[in-house]
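The primary structure of each chain is shown beneath.
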Amino acid sequence: MESPRHWRLKKQRYALIGEECPHCKAKIFPPRDVCPECGLEAKTAYQFSGKGKVYSYTTINEAPSGFQDMSPYAIALVKLEEGPIVTAQLTDLGGESIWVGMPVEMVTRKLRNDGDERGVILYGYKFRPAFQA
Amino acid sequence: MNRIDHRQQPVILGTGILPIGQHWEISLRQLGGRAVRMALQDAGNPKPDAIYIGNGLGTILSHQANLGALIPEFAGYPGIESCTFEAAGASGAAAFQAACFAVESGYVDVAVALGVEKITECEDRAAEAAMNLALNYEFESSQGSTVKTEAALIAQRYLYEWHLNREIFQRVALNSYQNARENPNAFARNIDEKTYQKQPLISAPLGLYDIAVQNDGAAAIVLTREELVPAEERDRLIRVSGSGNAVASLALHDRHDLLYWSAVAQSAAAALRQADLKLSDIDTFEIWDGTVMDVILSLESIGICQEGKGWQIDSLPLNVTGGCLGRGNPLGASGMYQIAEIARFLQTQKSKDRIHRNALIQAIGGYGATAITHILRS
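Residue numbers (our numbering), protein chains in the order written: chain A, 1 to 133; chain B, 134 to 511.
Hints are supplied without guarantee of correctness; some may be wrong.
Under 10 Å between C-beta atoms, here's a sample of chain B residues computed to sit facing chain A [stated by the list, open to error]:
| no. | residue |
| --- | --- |
| 1 | N265 |
| 2 | A284 |
| 3 | S382 |
Computed list of lysine-lysine pairs in DSS-like fashion (alpha-carbon distance at most 30 Å, straight line) [as the list claims (entries may be wrong)]:
| no. | chain 1 | residue 1 | chain 2 | residue 2 |
| --- | --- | --- | --- | --- |
| 4 | A | K27 | A | K51 |
| 5 | B | K442 | A | K53 |
| 6 | A | K79 | B | K442 |
| 7 | B | K483 | B | K411 |
| 8 | A | K10 | A | K53 |
| 9 | A | K25 | A | K53 |
Simulated from the structure, these hints should not be mistaken for laboratory data. Note that the Cβ used here is the ideal one computed from N, Cα and C, for glycine as well.
Chain A on its own, in the form it takes in the complex (with noise of 0.2 Å):
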């Protein structure tokens, strides 16, 4: 199950958590040593806030394996309120049709399972439609 792997990304999959330059201010997901946007050093966390609309998005029928269970099942590129956009899945959707713009919140669901290896489950980030006030 690769413990390491999810124990190391764990702030960026329950809590959405990346960086802000410290020498541009760009805001960065997911989080990575050297800034895209100016080439320096990156190291300051940043919390995002989850909001943002759907940028595309589309349906998954044929799932990889440890998705079968919820397939089908939407994707989209969301692009956050602060910039940078993220690859999730889209849920709670309850029938609603999804459509370019959309805005939608994150929230921490079951990504997969572990194909039934010993029940291990893998929580992160999908999205949600958002209410507007």
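The hints should help you fit chain B onto chain A, whose structure is shown.
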């Protein structure tokens, strides 16, 4: 890099192409070995100094690493220099580029570039999972995304931005399928307008025939440099006059403009510059069509079509032997099929009317992440 001396230029001596399909009766090593032997035979049996191998999935689907120590033996050349180049769908093109560098620099005199892939060994789901290795594992595939959904996400956004619908894909897809009809080594030769229109959607807006089918295959090319070919034989040569290799962010979401493929543009520009040719000098384009969307974005990013119009391909000499869609897609071998088939095409053209003399060939690894371009001249 600019070429200093034409006598050093890599030239193609021979090609070996196995039919793309389900080669259940032979394994990865035999596929590769046979293509190498065919190419050497076609070249008049020169003694090879090295075999550079392009392969994307052997480590996972054939449970076999270090093909460099395996395939030369099965080709009948145990002990010669060999190793693997991996760049997902561009693996074959990467091995070809390595072979070009080796002969051009004088490091070796005769090099064989081999692209080989064995995909139909296992069930579809395992093959799909292997293909998905080309994505960013920690932030794309771990979310349940796949190679096909990445293409669909881009296609959806493209249709949205340009106010189009999925009917634009038909012309691009059918161009490849129709051109594959004349190609004896192609897998999908019988898809016509009627079949295409009845296809099921796999990941909207992309349908079954908008995505190239994974398959087994192997193709090989023998290279040397021009100065080693007797003067009286030089006229018939196909020359490799330019190559370029560029990358963009692996994950789609890390790119600034999702509808402009910077790696594709940069690698094509570098190859043209090296060949000292303009885009308008090219009369055959072999553009990667792992999905129809790849073709559209590549044509726009290279500058062959205007933005938003990459699907208007009417008069374009494009993917004349069927592309990945018509040919079938043996991932790490596809880049070698592209070059080997276009080399043969140019050779045939040369004996006829010389209309097609300059070809631009581009392979892509990942979803627009790695692009390797070669320019062939007859």
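Exercise for the section: Compare the structure with the hints numbered earlier in the document and write down the numbers of the violated ones, lowest to highest. Expected result: none
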